[in-house]
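Okay, here's what each chain looks like letter by letter:
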Amino acid sequence: MSQVIDDASRVFLPGLVPDALAATVDVVEHEAMARDTFRLRLRCPELARRIVPGQFFMVRAPGRDDPLLGRPFALYDVYDEDGVPAGVDFGYIVVGKLTTLMSGWTAGESVEVWGPLGNGFPPPPTDGHLMLVAGGIGQTPFLAVAREALGLRRYGEEPEASAPGAVPRIIEHRPRRVTLCYGARSRDYLAGLDDFRMEGLEVRLSTDDGTAGRHGFVTALLVEAIEGGDRPDAVYCCGPEPMMHAVQQICQKHAIPCWLSLESPMACGFGACFSCVTRVREGDGPDDWDYRRTCVEGPVFPAEKLVF
Amino acid sequence: MRAPFDTDTRPRKDSLRLTPRKVPQQPIVAPPVSRLAVQLGRLKLANPVLVASGTFGYAREMQAFVRFERLGGVIPKTVTPLPRKGNPPPRTVETSAGLLNSIGLDNDGLEAFIEKHLGYLSGLGTALIVNIAGRTIDEFREMAVRLDEFPQIAALELNISCPNVSCGVDFGIDPRLTAEVVSKVRSACRFPVLAKLTPNVTSIAEIARAAADAGADAVTLINTFQGLAVDWRRRRPVLGAGFGGLSGPAIKPLALRAVCQVARSVNVPIVGVGGIASIDDVMQFLVAGASAVQIGTANFYNPSLAERLVDELDAALAGEGCASVSEIVGTLQFPGDE
Chain A
2 MSQVIDDASR VFLPGLVPDA LAATVDVVEH EAMARDTFRL RLRCPELARR
52 IVPGQFFMVR APGRDDPLLG RPFALYDVYD EDGVPAGVDF GYIVVGKLTT
102 LMSGWTAGES VEVWGPLGNG FPPPPTDGHL MLVAGGIGQT PFLAVAREAL
152 GLRRYGEEPE ASAPGAVPRI IEHRPRRVTL CYGARSRDYL AGLDDFRMEG
202 LEVRLSTDDG TAGRHGFVTA LLVEAIEGGD RPDAVYCCGP EPMMHAVQQI
252 CQKHAIPCWL SLESPMACGF GACFSCVTRV REGDGPDDWD YRRTCVEGPV
302 FPAEKLVF
Chain B
42 MRAPFDTDTR PRKDSLRLTP RKVPQQPIVA PPVSRLAVQL GRLKLANPVL
92 VASGTFGYAR EMQAFVRFER LGGVIPKTVT PLPRKGNPPP RTVETSAGLL
142 NSIGLDNDGL EAFIEKHLGY LSGLGTALIV NIAGRTIDEF REMAVRLDEF
192 PQIAALELNI SCPNVSCGVD FGIDPRLTAE VVSKVRSACR FPVLAKLTPN
242 VTSIAEIARA AADAGADAVT LINTFQGLAV DWRRRRPVLG AGFGGLSGPA
292 IKPLALRAVC QVARSVNVPI VGVGGIASID DVMQFLVAGA SAVQIGTANF
342 YNPSLAERLV DELDAALAGE GCASVSEIVG TLQFPGDE
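The listed protein sequences derive, respectively, from chains A and B.
Going by the working numbering, the first sequence opens with residue 2, and the numbers climb by one from there.
Going by the working numbering, the second sequence opens with residue 42, and the numbers climb by one from there.
These are calculated hints, taken from the structure and not from any lab test.
It cannot be assumed that every hint is accurate.
[To be verified] Taking beta-carbon pairs under 7 Å as the criterion, some of the chain B residues facing chain A (in silico): (1) Gly98; (2) Ala105; (3) Phe106; (4) Glu110; (5) Gly127; (6) Pro130; (7) Glu135; (8) Ile144; (9) Pro278; (10) Pro290; (11) Pro344.
[What the hints assert, rightly or not] According to the in silico footprint, chain B covers these stretches of chain A (three or more CB under 8 Å from chain B): (12) 62-76; (13) 271-280; (14) 287-301.
Just so we're clear, the structure is a prediction, and the values are computed from it rather than from any experiment.
Note that CB positions come from ideal geometry on N, CA and C, so glycine has one too.
Turn these sequences into a full structure, and let the hints guide you.
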């Protein structure tokens, strides 16, 4: 694997976002993806050039006190113009004040954005089977992960172009197989299925109500794969906390390396506020943990490090 | 109206020191050369725009967004004598035009602060004001003694007002305890001392007077207002710790009121903080009686704001024909003042 720096320092960055930028940018496109679920495209070449799969950025409505803060959104994909990165796409589901406001945004709307933030997913296992397990809106980080793992697109800057302290990332060696297991409440909420229809990606679906794919939770798809002799060599997971907890347990039981991308609420996204903390194991004892900031030490953590 | 605070001539109880000091008495900060220079008691600042403790991390986190040397000073997150895990999440929730938080003074303790952060903070090229909190007056004093070994620190700010840990509230709501902690810290170190006060009191002027009489170089007004967010469906507070402290634009009128009340009745420099998010907000605090300001919650959603406000303040003062910040401080006139 020709990653530029070692895995340990990737996963636990020392609380820094040295190459982040803050800018006021334009909405370029806004599309419905599924029920209550939308994709927004922002024009921001500087962000698009630097961001890697699993990283996120904050988005805010300018010029108003309510909603006041930005909200974190995972990179869905980078789009190009004239062959160079021009901006970012992200998916969201309408749940609160800002996302309700956002659902009325149209092309030309000015919005504030800062990023790239967080660590991102580690480079995938070489020549193995990478399984992406997504629940609800937790599928959004995985389009870029899948495209990168399948060699369909590169993300991040060449090492020599990166800011000091930034994490360059050019992946040369790829997993042999990539599978996406994606669960949602019901068929209406399955978002971006067309985007995930790409050469080499196997998509397995589940819905809580049985309206599409397997009837039940997405964790059943993971267990089925493991027990059916289709064991993944690494699992990347993003979704609601109970689901990630379950995936952590399943992977631990079967000794499968697993990374979880947390969806902690955040006030700043860059480590200043200490609100988005999660319990991270520091040793073997049951109480041997400390609160760590999801925004700068995550959002992606090795599953065995997290205490639910 | 009170006099401006360009000089501090009040007698100090602790002017006699038993041991001579080898280090310079004046903190190392950029020389005050412009109309923006201010003096808060013994503390000289290149400009009056500071960033509030707990909203700027340990500065490192802000490096992509702020040129630190442009700021009047940086106040890192509160340091306590020993490590504190802090409160369970959720630690913040947004409310109407505000932010309710209960972080719980999550920090690695004084020695880790010295080892991990002090070096970086010392090289920012701006005044470093270290915010400390102890559970007892002795803990405050001992922290001041330890930090006194580091002359690169410009001042101490005493967090006697955190609404989210039991150790803070007790000092800041009692004038006698406030006076005692201020005077003990003052006599334990060479630093100028800022007392950061809580608004969760009946008379903040009374507390500010106690701090001033005990030798505080300035008072920081105000810390957050105690509040509560309710998840009524679950019959639970939204925050993991229950109550929290409210900050952001929602509290600006309350903060201005506190600044004005203290400015009109107590002879002490004031650092105003609470919901500042624009140059107009800064000017309102100065006019109401603050000699300097801190940017707090706005750092979370507009991380380069503080730096920009320095330039905008210079222009605003020029526009008002002011040769110095002090010319505009406390110029607010109430009906009947004349």
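Now for the hints, and whether the structure bears them out:
1. Gly98: holds, 4 Å
2. Ala105: It holds, given that the least Cβ distance between alanine 105 of chain B and chain A is near 4 Å, below 7 Å.
3. Phe106: It holds, given that the least Cβ distance between phenylalanine 106 of chain B and chain A is near 6 Å, below 7 Å.
4. Glu110: violated, 17 Å
5. Gly127: holds, 6 Å
6. Pro130: At 6 Å from the nearest chain A Cβ, proline 130 of chain B passes the 7 Å test, so the hint holds.
7. Glu135: holds, 5 Å
8. Ile144: holds, 5 Å
9. Pro278: Where the cut-off is 7 Å and the nearest Cβ of chain A is about 15 Å from proline 278 of chain B, the hint is violated.
10. Pro290: holds, 4 Å
11. Pro344: holds, 6 Å
12. 62-76: holds (count 6)
13. 271-280: holds (count 9)
14. 287-301: Holds: 3 residues of the stretch 287-301 of chain A have a Cβ under 8 Å from chain B.
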